[in-house]
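One-letter residues, chain by chain:
There are 2 protein chains.
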Amino acid sequence: MRKINLIHLGIGNVGKALVRMILENRKELKEHFGADLNYCGLFNSKSGIFDRRGFSIKQLKQFPADSRVEAKLAVDEVPLPFILIDTTASDKTFPLLEKALQKGGYVVLSNKRPLAGSNEQFKKLHSFGNRLFYETTVGAGLPVIRTLKTLLATGDDVSEIYGCFSGTLGFICSSIEDGVSFSESVRQARKMGYTEFDPREDLSGADVGRKTLILARMMGMDVEPDDIKIQKLYPTSYDGYTVEQFMQNIDKLDKEYQDKIRKAKKRENTLRFIAKISQNICKVRLTKVAQNSNFGSLKGPDNMIIFKTKRYSDRPMVIKGPGAGSEVTAAGVLGDILTIVRVV
Amino acid sequence: MRKINLIHLGIGNVGKALVRMILENRKELKEHFGADLNYCGLFNSKSGIFDRRGFSIKQLKQFPADSRVEAKLAVDEVPLPFILIDTTASDKTFPLLEKALQKGGYVVLSNKRPLAGSNEQFKKLHSFGNRLFYETTVGAGLPVIRTLKTLLATGDDVSEIYGCFSGTLGFICSSIEDGVSFSESVRQARKMGYTEFDPREDLSGADVGRKTLILARMMGMDVEPDDIKIQKLYPTSYDGYTVEQFMQNIDKLDKEYQDKIRKAKKRENTLRFIAKISQNICKVRLTKVAQNSNFGSLKGPDNMIIFKTKRYSDRPMVIKGPGAGSEVTAAGVLGDILTIVRVV
Chain R
1 MRKINLIHLG IGNVGKALVR MILENRKELK EHFGADLNYC GLFNSKSGIF
51 DRRGFSIKQL KQFPADSRVE AKLAVDEVPL PFILIDTTAS DKTFPLLEKA
101 LQKGGYVVLS NKRPLAGSNE QFKKLHSFGN RLFYETTVGA GLPVIRTLKT
151 LLATGDDVSE IYGCFSGTLG FICSSIEDGV SFSESVRQAR KMGYTEFDPR
201 EDLSGADVGR KTLILARMMG MDVEPDDIKI QKLYPTSYDG YTVEQFMQNI
251 DKLDKEYQDK IRKAKKRENT LRFIAKISQN ICKVRLTKVA QNSNFGSLKG
301 PDNMIIFKTK RYSDRPMVIK GPGAGSEVTA AGVLGDILTI VRVV
Chain U
1 MRKINLIHLG IGNVGKALVR MILENRKELK EHFGADLNYC GLFNSKSGIF
51 DRRGFSIKQL KQFPADSRVE AKLAVDEVPL PFILIDTTAS DKTFPLLEKA
101 LQKGGYVVLS NKRPLAGSNE QFKKLHSFGN RLFYETTVGA GLPVIRTLKT
151 LLATGDDVSE IYGCFSGTLG FICSSIEDGV SFSESVRQAR KMGYTEFDPR
201 EDLSGADVGR KTLILARMMG MDVEPDDIKI QKLYPTSYDG YTVEQFMQNI
251 DKLDKEYQDK IRKAKKRENT LRFIAKISQN ICKVRLTKVA QNSNFGSLKG
301 PDNMIIFKTK RYSDRPMVIK GPGAGSEVTA AGVLGDILTI VRVV
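Each protein sequence line maps, in turn, to chains R and U. If you use my numbering, the first sequence corresponds to residues 1 to 344, in order. If you use my numbering, the second sequence corresponds to residues 1 to 344, in order.
I should point out that these hints are in silico values taken from the structure, not numbers from a laboratory. Some clues are possibly wrong.
As the list claims (entries may be wrong) - The calculated lysine-lysine pairs, modelled on DSSO-like cross-linking and capped at a C-alpha distance of 30 Å, are:
| id | chain 1 | residue 1 | chain 2 | residue 2 |
| --- | --- | --- | --- | --- |
| 1 | U | Lys308 | U | Lys283 |
| 2 | U | Lys308 | R | Lys308 |
| 3 | U | Lys283 | R | Lys299 |
| 4 | U | Lys149 | R | Lys299 |
To be verified - Here's a subset of chain R near chain U, in silico, CB distances under 10 Å, partners left out:
| id | residue |
| --- | --- |
| 5 | Met21 |
| 6 | Thr147 |
| 7 | Val328 |
| 8 | Val333 |
| 9 | Gly335 |
Note that the Cβ used here is the ideal one computed from N, Cα and C, for glycine as well.
Start from the sequences and build out the full structure, keeping to the hints where you can.
Given below as structure tokens:
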């Protein structure tokens with residue numbers, strides 16, 4: 001039985017689901033993979049527990065009502081082999097991840113930010129061999145990153161990637177297509193918990209931009225965040241508003257979107273918020289697509305990614321499904337952990 | 001640099017493409033993965049070359065104009081770590097595969113038959129730990145098997161799988177939908193090399209049945225080939241015909257298919273050859289589906305697989321793309337080999 005130590009940052013919805021899945025499947029993981037996943041550290045932004053010998057299930061379940069330890073202590077003290085898991089949404093974890101890799105540990109991220117900051121950081125994290133995993137940063141549990149990695153590793157030439165990477169914006173596009181006004185679509189999405197509290201987090205396309213950046217860099221492009229051309233779904237002047245002011249003013253955008261969708265429909269088109277990555281360009285924008293195309297057939301919050309490669313040229317490879325949610329994301333993170341378990 | 005020995009059975013279209021990919025990428029494989037893939041054996045049904053020290057590229061390129069050795073000799077003599085690759089379409093390779101696994105080797109299959117024979121054989125090959133890989137047996141280079149494995153390993157409950165697993169039958173269904181007669185569709189498919197020389201190989205659904213069997217067994221079902229209910233696309237009485245007689249008589253089936261597609265279209269449906277696997281049933285048949293459904297939107301020879309699971313319930317996971325072809329299949333086999341390279 002190989003003991004594999006875990007340090008886990010970020011005990012929000014995804015983090016909690018992951019802890020539960022690991023504890024629930026612990027016995028099966030031992031039997032099937034001969035691996036004992038041993039939690040040595042569990043941290044959220046405010047507190048944490050850490051013991052290099054590991055915690056019992058009971059102790060883990062008591063967290064976060066427990067003692068406080070600085071996360072940075074953990075990485076230095078935890079014995080190899082270990083996995084540092086980052087399910088935060090923080091842009092402050094990079095130094096910890098780097099330290100973990102330097103020390104010979106593995107790193108699994110659902111947190112996009114360490115890979116979507118400077119290109120230097122992206123390259124740094126990739127400079128320690130094959131010990132970095134981040135399947136869920138694009139499409140959550142959908143097999144996107146792994147598929148792209150396999151295409152590249154087997155010598156395919158990935159010329160273009162197209163994607164609808166936001167369930168929230170997918171829901172809003174579908175809703176507008178069904179005749180609902182833009183403002184009402186945003187209100188509904190917000191009410192259903194699809195958007196952040198401040199819907200501009202979604203409508204700005206920033207999250208889609210981060211996913212686009214990760215894929216572009218995987219394809220070998222040296223791109224910085226500013227190189228991704230992102231079309232916001234609201235005017236820049238709205239950036240100064242409070243959330244309340246923003247919500248009060250989105251009605252003013254309804255006519256514009258009503259016109260756009262009407263024009264699109266006249267020619268059997270519809271609108272989707274699409275990321276396009278090719279050798280020379282990275283852009284994210286509201287795009288007209290044929291209703292009977294792959295993207296046109298997308299409904300509600302589903303994500304879709306289309307790979308056009310040398311081998312998949314006339315007929316691309318298409319992957320579709322829910323691209324967010326704590327259960328599918330946690331499962332994807334666990335999938336990465338199991339990949340590591342097989343190697344260690 | 002770790003030397004990983006290869007024995008490769010089946011040097012047809014897929015096999016040749018694989019040899020070429022491995023030789024072309026050899027340098028990169030060394031640099032990226034620190035692995036030297038060393039060909040010790042190369043066999044087709046009639047002849048083979050074998051040397052436990054490995055062959056030079058020049059020697060490999062000369063095959064099959066070279067000496068003849070029995071394949072079974074290879075497995076006993078080749079030093080660990082080694083990978084036995086089976087890109088044949090033979091049902092005779094099982095004993096060799098078993099021997100390779102017993103000896104501690106890895107096995108990679110694009111050949112479906114060893115997994116689609118008796119359930120006992122399937123279980124036997126899976127009894128040696130995680131050293132058996134067969135990504136390309138369903139959907140060729142599409143990430144089907146790996147995705148199903150990850151869903152199952154992370155504790156998801158895969159309740160239903162639906163699939164269009166035949167490019168040939170997909171082409172024929174699309175063609176009928178476009179108003180072409182059944183017999184003409186088959187003739188076209190045959191002319192374009194989509195069908196085997198005897199199109200009954202495809203129209204019998206036998207190949208789709210094998211893929212269905214593999215997925216069902218992965219889902220934990222104890223099924224034998226006879227348990228898969230397959231609807232042939234021609235009457236059983238046609239089984240006695242020669243290929244020529246068969247081709248002369250398929251016109252008689254045109255009216256039946258014309259009626260079927262007309263009825264389907266009246267209600268905005270269409271016809272697809274669909275495999276359905278759920279806990280209680282495995283069947284493969286021509287099925288009416290809504291034109292605007294996932295399967296309905298499928299065009300030409302593309303494959304599609306739909307996973308319905310506990311986590312992907314309301315909105316399933318869908319993977320689409322070309323599911324056959326020597327390039328994408330060879331690349332998928334190479335993907336399996338690279339997975340092994342990371343572990344060894």
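Taking the hints in turn, this is what the structure says about them:
1. Using a Cα cut-off of 30 Å, the hinted pair lysine 308(U) and lysine 283(U) holds, with the two alpha carbons roughly 16 Å apart.
2. For the suggested pair lysine 308(U) and lysine 308(R), the alpha carbons sit about 26 Å apart, so the restraint of at most 30 Å is met.
3. In summary, the hint linking lysine 283(U) to lysine 299(R) is supported, as the alpha carbons are separated by about 28 Å, within the 30 Å threshold.
4. Simply put, lysine 149(U) and lysine 299(R) have alpha-carbon atoms about 27 Å apart, close enough for the 30 Å limit, and the pair holds.
5. Interface hint at methionine 21(R): satisfied, since its Cβ lies 6 Å from the closest Cβ of chain U, which is below the 10 Å cut-off.
6. The criterion of a C-beta within 10 Å of any C-beta in chain U is met by threonine 147(R), whose closest approach is roughly 5 Å, and the hint holds.
7. Annotation: valine 328(R) was flagged as interfacial toward chain U, and the flag holds, the nearest CB pair being 5 Å apart, inside 10 Å.
8. The beta carbon of valine 333(R) is positioned within 10 Å of a beta carbon in chain U (closest approach about 9 Å), and the interface hint is therefore held.
9. The beta carbon of glycine 335(R) is positioned within 10 Å of a beta carbon in chain U (closest approach about 4 Å), and the interface hint is therefore held.
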